[in-house]
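A.B. asks: Chain residues, written in single-letter form:
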Amino acid sequence: MADIAVRERSLGITEATRRSYHRRYVLGRVGLYVLAVLFAFISAGPFVWSLITAFKLNADLYNVENNPFLFNEPLTASHLVFLFRDTPFLAFTWNTLWVGALVVLITLVLGLPAAYSLARLDRPWAGWFGVMIFMVYLVPPTLLFLSLSRMVVAFGLQDSTWSLVLVYPTITIPVSIWLLMGFLRAIPKDIEEQAMVDGYSRLGAFVRAALPLAFPGIVAVVVFAFTLTASEFIYALAFVSPSEEKVVSTGVPTELIRGDVYFWQSLQAASVVVALPIAFVFNLFLDRFIAGFTMGAVKG
Amino acid sequence: MADSPVPRRRLSDSEGFLAWVLLLPSVIYIVALVAIPFFLAIAFSLSDVTTGDPSFDWAGFANFEAVLADSVFWRSLWNTFLFTAISMALIVVLGKILANVLVADFRGKWLVRFFVLLPWTTPVALGAISWLWLLDSIYSPIDWALRQLGLLGTPNAWLGAETNLFWLGEPGLAMGSVIAVHVWRLTPLAAVIMMAGLVAIPRDIEEAARVDGAGYWRRMFEVTVPLVLPVAAVAALFGAILTFTDMAVVAVLTRGGPTHATEVLASWAFTKGIGGGDIGQGAAIALFLFPLLLAAAIAILRSVRRLEVL
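From first to last, the protein sequence lines stand for chains A and B. Just so you know, we're using numbering that gives the first Met the number 0 here: the first sequence kicks off at 0 and counts up by one. Just so you know, we're using numbering that gives the first Met the number 0 here: the second sequence kicks off at 0 and counts up by one.
Honestly, the hints are just simulated from the structure, not real lab data. Mixed in with the good hints there might be a few duds.
To give an idea of the chain A side of the interface with chain B (calculated C-beta under 10 Å), a few residues [what the hints assert, rightly or not]:
(1) A43
(2) L74
(3) T75
(4) A76
(5) V80
(6) A114
(7) W124
(8) P140
(9) W263
(10) F288
Cβ coordinates follow ideal geometry from the N, Cα and C atoms, glycine included.
Just need the whole structure built from these sequences, with the hints factored in.
C.D. replies: Structure below.
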């Protein structure tokens, strides 16, 4: 504190400038809160609207005179019950979960060694190779889905959820390698060197010494890869058409809309039921993603 | 080898060997399921493959001729550019503002972050379903609010005498709606990328400039903007690529309608290739995405380089 006072005096800061700084500070805070609330409102708005809709009676929902933001009739959970009991929504959810789990597993088994190789084994080509792999992430499903759909047929996987298990790692591996490289670089090299002095091989040092320390980063990559898998739309739409084999992202929009009949409340309930848990888990790991992205870009 | 000074020299100790062995499985996977399908797509675009007749026959540039002769293709090409350009500009500006909000400290930050992440972490198709109902032709709450304000539904109302705006039924409004959904879902991603960039920029540089007597504008243009530009470019290109190649928003919201007003290359390729079964033409349409993606990828590469120089 004394230090600041000395500096202020030496810079000639008077009471007036202090007051104008204070005013600017207050304005800045107010602006910050207004922006934060505005962004939160616009981002969450459609889901709030979905949530209100999900509990409305038909008589309430389909009355143009009613205030759409209020419950003009008693709440009902019947559309939620319909969603879980009379639609394949649970099957979609289950498919998304197990496809996601297997894809994450494949991603880690292939991506971790690759990331370690690029981050730690000091090859001269590691730098541009890492960037090349990241670029693969930018080759979109839109460009590949037609030929992949023929390949899926050739493998005999058409109309099976397994086709997605096969194809989704192409989306998750590149971006996961990039993130994992960042996390692995953050581990001090001495720890592996010590492990090798203690008798581990180069490979053993990676598995026994580096991997456990990278665990927090690995968890973040698991969440990220799962989110990517759950969001994917084009492949799921192109490869899988039987309703029991569909995943959430294609099942909900195709099976809960029959021709011109929209099961609005159930649709909106599905949207909220899926959105909330993913965003919640993702929020827990947000700081780690930011750290991972930054470290991946900094040369080790 | 016997008189080597290193007592044990196993394969699992050779860094050069390990580097390849550890990398190879990922490379094989990506070559098999990204590189091969990519070249297959080029081959399909030059063939007459359909879902009904999957035998491969050379067709030359017939698919490209058929595609270029179709006015819907030109419409979707134009729309793809339009949607991407407008969304990208909005995503970058809003993403930068949002990133600045999210790096600041304030009460309830956790909750704000949670709400702000929702559009991005929710599967695109489900977010679009929420919007589909929000923009419903009869029950849209936006129309209701406008009616309550007297802006809609009365004979002299500013927005017209009809009771609804038909967000997804009027070509202009439908295009605006599609753009709005893209901006809504990708702004959080841009903000996260820019936060990563903001965190990476050394704090002391700006302080040093301040101590050296650089004024606000000078700091802004000679320190902050050059430092933020590469990150903003990365965020912009990510936003652009994800808008450019997406078909989920269009597929759920408008299905390309009304009368192809919101058709984009991705949705048109899907309609032709999977819906119509004409794989050759679908592949030809999708390939039009490639040169632009390549340009975007090179631009990202250069931005990342500049980031690394920091």
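A.B. asks: Output the indices of the hints that this structure fails to meet, ascending.
C.D. replies: 2, 3, 4, 5
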